[in-house]
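Asks: Sequence:
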Amino acid sequence: MPNELGFTVHHVIRRAATLCPDVEVVWGKGELGYGDVYRRVISLANSLLSLGIRKGTVIGVADWNTLPMFEIHYAAAMIGAVVYPVNIRLPPDQIAYTIKVAEVEWLFYSEDFAALSKLVSKDKTVSLGSTCNARYCYDDLVKNRESKEPEVEVSGNDYFSILFTSGTTGLPKAVRYTHEKIIHGALAIVYQLGLYNTPASLHQGDVIMPLIPFYHIHSWGSFIHAPYLCNKYVLMGRFTPDNVLTLIEREKVTWINAVPTMVYMLIEAAEKLGKLGILRNLKALVGGMPISSGLAKRMHELGIRFSSIYGGTDMLATSISIAPNKYNTVDEYLDYIRLTTHPVPFVEIRIVDPSTGKDVGPNQVGEVWIRAPWLPYEYYKDPDKTKESYVGSWFRTGDVGMVTSDGGLRVLDRLKDVIKSGGEWIPTSILESIISNIPGVELVAVIGKPHEKWGERPIAVVKPREGYNLTKEMIYDALNREVASGRIPKWWIPDDIVFTSNIPLTSTGKIDKKELRRILGM
28 MPNELGFTVH
38 HVIRRAATLC
48 PDVEVVWGKG
58 ELGYGDVYRR
68 VISLANSLLS
78 LGIRKGTVIG
88 VADWNTLPMF
98 EIHYAAAMIG
108 AVVYPVNIRL
118 PPDQIAYTIK
128 VAEVEWLFYS
138 EDFAALSKLV
148 SKDKTVSLGS
158 TCNARYCYDD
168 LVKNRESKEP
178 EVEVSGNDYF
188 SILFTSGTTG
198 LPKAVRYTHE
208 KIIHGALAIV
218 YQLGLYNTPA
228 SLHQGDVIMP
238 LIPFYHIHSW
248 GSFIHAPYLC
258 NKYVLMGRFT
268 PDNVLTLIER
278 EKVTWINAVP
288 TMVYMLIEAA
298 EKLGKLGILR
308 NLKALVGGMP
318 ISSGLAKRMH
328 ELGIRFSSIY
338 GGTDMLATSI
348 SIAPNKYNTV
358 DEYLDYIRLT
368 THPVPFVEIR
378 IVDPSTGKDV
388 GPNQVGEVWI
398 RAPWLPYEYY
408 KDPDKTKESY
418 VGSWFRTGDV
428 GMVTSDGGLR
438 VLDRLKDVIK
448 SGGEWIPTSI
458 LESIISNIPG
468 VELVAVIGKP
478 HEKWGERPIA
488 VVKPREGYNL
498 TKEMIYDALN
508 REVASGRIPK
518 WWIPDDIVFT
528 SNIPLTSTGK
538 IDKKELRRIL
548 GM
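Numbering (the numbering used here), first residue to last: 28 to 549.
No lab work stands behind these hints, which were simulated from the structure alone. Hints should not be assumed to be uniformly reliable.
What the hints assert, rightly or not - Okay, derived cross-link-like pairs now, DSS-like style, lysine-lysine, Cα gap no bigger than 25 Å in a straight line:
1. LYS145 / LYS175
2. LYS412 / LYS443
3. LYS127 / LYS56
4. LYS127 / LYS385
5. LYS412 / LYS279
6. LYS414 / LYS490
7. LYS541 / LYS490
8. LYS408 / LYS145
9. LYS279 / LYS299
10. LYS82 / LYS56
11. LYS149 / LYS175
12. LYS302 / LYS324
13. LYS324 / LYS299
14. LYS447 / LYS537
15. LYS408 / LYS353
16. LYS127 / LYS480
17. LYS414 / LYS476
18. LYS443 / LYS541
19. LYS499 / LYS541
20. LYS127 / LYS170
21. LYS324 / LYS490
22. LYS385 / LYS299
23. LYS149 / LYS82
24. LYS408 / LYS385
25. LYS412 / LYS127
26. LYS443 / LYS537
27. LYS127 / LYS145
28. LYS414 / LYS385
29. LYS385 / LYS412
30. LYS324 / LYS279
31. LYS447 / LYS408
32. LYS476 / LYS385
33. LYS517 / LYS412
34. LYS480 / LYS537
35. LYS480 / LYS541
36. LYS412 / LYS537
37. LYS476 / LYS517
38. LYS353 / LYS299
39. LYS353 / LYS385
40. LYS414 / LYS541
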């Protein structure tokens, strides 16, 4: 019987080198075609073997979105090593924890993260920077001129990467993905965006610039999307709005992925620089946290076509918004796109009542359970968390949501964040969306405060924009208008509005409600 290798990650770059060798990967120091990148990857893979890196060796990479980060992913795949894109936004003690749990043996790092080199043996460090202060220098490893792929048998069932959650409920949890799971998860995004009526459509000919960092699910799989589609791939390095705008204009970028806070910053920078016009016709895949109605309207006004994506480190992408067939107003259309996502191919969704464990019907609220071929099915070295979250072939997301009558998914809140007042749920995301649409609100978080009679009551924490004089009355007026229109019940209105100059964010740009509660003493 022939040995079935299945889908492997490095096949993607090999195919691009043959099919579209002159299509460019652009980064801070220049540009190279996929053919040249593939040759560098081969050289790097052979160099890794010469260093003693073997199949199963875990390689940590601490860097921004750069060419070395891209190349290391493919070189590691070529020899069966396991790549860990280090979440450099985690607190230092948590970074050290993840490197230990992942059993990182070799660390590749850029100059910005040289301090992390102390976490592994000095003899197993590689500097990615122009100033080489490590045992080995990256530029030397990609110049050995070896032209033949290493003869290492790698199958789709071999592990490709180890990733960590953002640690919002405790220490980060680890998941491992095989080559086949990463490939299928990434291509499900391509299929949804390319075959269905999605505003952020993605096709051959698009110029892709990921704003999502590689440490967050490999930039949502963009390192596979670009060479798979033979698309120009623009790597920005460290995210700054000004740099992104420069690259969009210079490289004629047509497609980005981003969290909402990045889009806010991009629009604000473009407005200050008088460059809003370069955002017109940009397509954006946006996720990581809810998109406010205000941001949705602003993107629409500027000609940015966006789709929402839902997923996570421990389940990859599960659903992306498809445009509705019918809608009466622009506001109705935008609300649908920002709030409703649809399962990507091969994903199944259940909505389960946490108190009974039984499925609920359409438009009824419960916990979101997911089933997909690429689920990792375990938290690495954490059997207790695995037992809590992976139930048979299903993954309990910890999110509260509903399935609409047309098969769409609406995620309303995190199960740990939803407020239960008088035995009834208050989805904080709906209140946050209303408040965020008020002029002068930069960020808002609604959290539950213990209450003797009701169990919990909502409190809104608001960070005003610079130069705005926000008052509690302005926010309550906006909420009361929503009550009068029938969009929300009166008992949902927060008991108090707290203004602050700082709302903490997680390493992936989400509001850190756990830390916010600690700061407020709740």
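Asks: So, against the hints stated earlier in the document, which numbers end up violated here?
Replies: When the structure is compared with the hints, numbers 1, 3, 4, 5, 6, 10, 11, 15, 16, 17, 20, 22, 24, 31, 32, 33, 34, 38 and 39 turn out to be violated.
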